[in-house]
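Asker: The lines below spell out each chain.
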Amino acid sequence: EAGVVQSPRYKIIEKKQPVAFWCNPISGHNTLYWYLQNLGQGPELLIRYENEEAVDDSQLPKDRFSAERLKGVDSTLKIQPAELGDSAVYLCASSPPGRWYEQYFGPGTRLTVT
Amino acid sequence: QKEVEQNSGPLSVPEGAIASLNCTYSDRVSQSFFWYRQYSGKSPELIMSIYSNGDKEDGRFTAQLNKASQYVSLLIRDSQPSDSATYLCAVLRDDKIIFGKGTRLHILP
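Each protein sequence line maps, in turn, to chains G and D.
FYI, in our numbering the residues of the first sequence are 5 to 118.
FYI, in our numbering the residues of the second sequence are 2 to 110.
Hints are not guaranteed to be accurate.
Claimed, not checked - To spell it out: a stretch of chain D is covered by chain G in this simulated footprint if at least three of its residues, at any positions, have a beta carbon under 8 Å from a beta carbon of chain G; those stretches are:
hint, stretch
1, 43-51
2, 82-93
3, 100-108
None of these hints come from the bench; they were simulated from the model.
The structure displayed is predicted, hence computed values, not measured ones.
For glycine and all other residues, C-beta sits at the position ideal for the given N, C-alpha and C.
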């Protein structure tokens, strides 16, 4: 079974530039998450989707972050404009139906904002 | 008080010994508990889940849950160098998964 796919794996941008991350979950997984992880910290939830519906986006900084999951499969997370403090690893995870709390993570995108 | 607390370590354990990782949580309504392993530069991997008081064993791993004490632990028997990683405790509360900062485990050959 293929795992969660994310791209790009690494991204370096200058502050104030936009950036987008893409995620394709495990086939059949209807729950999708975007997390942010800083060094030495645990993952912090940004947004959770059940199919195409965002069921928890309370921690998403909506002034600069946006996300979409139009057909209930793959998803895109965007930051515009990026700030220095956005440098982190952005993790996508998915969960199977009926077990949304058991998460399978992708390899992550390491973002560096200069 | 942080919602999920773990000692950041590093915890150094000789190869072949039992590694004991601990986690406390602040909210009594927490429902389910998870342990993730994260190798350096990699993403977290779910290794254990536990939902009721007591012990749950899976191979060399045992998760222990005590809801009265708000305490969950992970025991790794016959520790191997490949067990060296950061172990993240996660708690399900109010439809939200909350992660601790993780404990770095170092198995000494």
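Asker: For each hint, tell me whether it holds in the structure or not.
Answerer: We went through each hint and held it up to the structure:
no.: 1; hint: 43-51; verdict: holds (count 6)
no.: 2; hint: 82-93; verdict: holds (count 3)
no.: 3; hint: 100-108; verdict: holds (count 4)
In the structure shown, no violation is registered for any of the earlier numbered hints.
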